[in-house]
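Peer 1: Kindly produce the complete structure, drawing on both the sequences and the hints.
Protein chains in written order, with the working numbering: chain Y, 23 to 169; chain E, -13 to 100.
Hint data in this document are derived by calculation from the structure and do not stem from the laboratory.
Positions of the beta carbon are idealized from the N, C-alpha and C atoms, including for glycine.
Among the clues, some could well be false.
Claimed, not checked - Straight-line alpha carbon distances no greater than 30 Å define the calculated DSBU-like cross-link-like pairs of lysine-lysine that follow:
no. : chain 1 : residue 1 : chain 2 : residue 2
1   : E       : Lys73     : E       : Lys27
2   : Y       : Lys51     : E       : Lys(-1)
3   : E       : Lys9      : E       : Lys27
4   : Y       : Lys168    : E       : Lys27
5   : E       : Lys74     : Y       : Lys51
6   : Y       : Lys168    : E       : Lys100
7   : E       : Lys(-10)  : E       : Lys9
8   : E       : Lys(-1)   : Y       : Lys167
9   : Y       : Lys167    : Y       : Lys140
10  : Y       : Lys94     : E       : Lys(-10)
Said to hold, decoys possible - Derived list of chain Y stretches under chain E, where covered just means 3 residues or more per stretch with a C-beta under 8 Å from a C-beta of chain E:
no. : stretch
11  : 37 to 45
12  : 68 to 75
13  : 123 to 130
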Amino acid sequence: MKKAVIVRDYTIPANDFTIAGEASSNVRKILTQLGVSPNVVKRASIAMYEAEINAVIHGKGGNAHVEIDENKIYIVISDEGPGIADLELAMQEGYSTAPDSIREMGFGAGMGLSNMKKHADILDIDTEVNRGTTVHITVYFNSDKKI
Amino acid sequence: MTVKELSEKLGYKIITETGDSTKTEITGVYACDLLSHAMAKINTGDVWVTVHTNLNVVAVASLTEASCVVIPENIQIEEQTIERAEKKGVIFLSAPVSAARVCYDVLSVLREAK
Ligand SMILES: Nc1ncnc2c1ncn2[C@@H]1O[C@H](COP(=O)(O)OP(=O)(O)OP(=O)(O)O)[C@@H](O)[C@H]1O
Ligand SMILES: [Mg+2]
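Peer 2: Here is the structure:
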């Protein structure tokens, strides 16, 4: 196994939209500076943003852990929120339990999880009701997946 | 066609001048107020038309590499959004016309420029 070259950890506060998205924005900057292809930078940061925002909105906040090596970026977003009872249903475009106050900001299309799936090379979600949710996103630097 | 040229041609006001408006090229236009829709669909270089002016708009525009955000109907833009946009290099324009009209005008200008 290759050793991670860059490791970053971020705290994701609950319901704080002044900080929401900052972790993804920071990771985007790192990847750009590393000279990773624009397509990969965009896919990784969009997938991470959607997971980060879900932790903010649905998961009562949590943590982001990022590992970058020469071949890939691996992102773990975890929270100890309510978990997702029916993941298959939640993955469907249009399914959302976002409250009105959140919808007023423009969230709640029910597209975040499917966006992650579209943009990541590998997406794994561990979730348990009342325990929390952990999202694992991998994007390979040489992947030619299109968006 | 750069953002600056577009703003001059259509009389849209540049609200956040990041220093990039004369360099940033416009390639298309996308209109939607659902953030994760926009996140999925905005192509790099698109003008993004939305009525939202909250902080999350800056994040979406930045991650999708929209050329600029156009806020229609002279809707006032939140102060914290302007500050964040300047920091992140996201150009906001304010237009006096409706979102539909913005789309029509941007597409017309792009077609003319071809
Ligand atoms: N971290 C999480 N903890 C608890 N529930 C979650 C979490 N992430 C997603 N969900 C559930 O899955 C649903 C669908 O998530 P998804 O991101 O696709 O849509 P959304 O967040 O509701 O809206 P959008 O992402 O389009 O703004 C959510 O409404 C919520 O019920
Ligand atoms: Mg979501």
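Peer 1: Against which earlier hints does the structure fall short, listed by number upward?
Peer 2: 8 and 10
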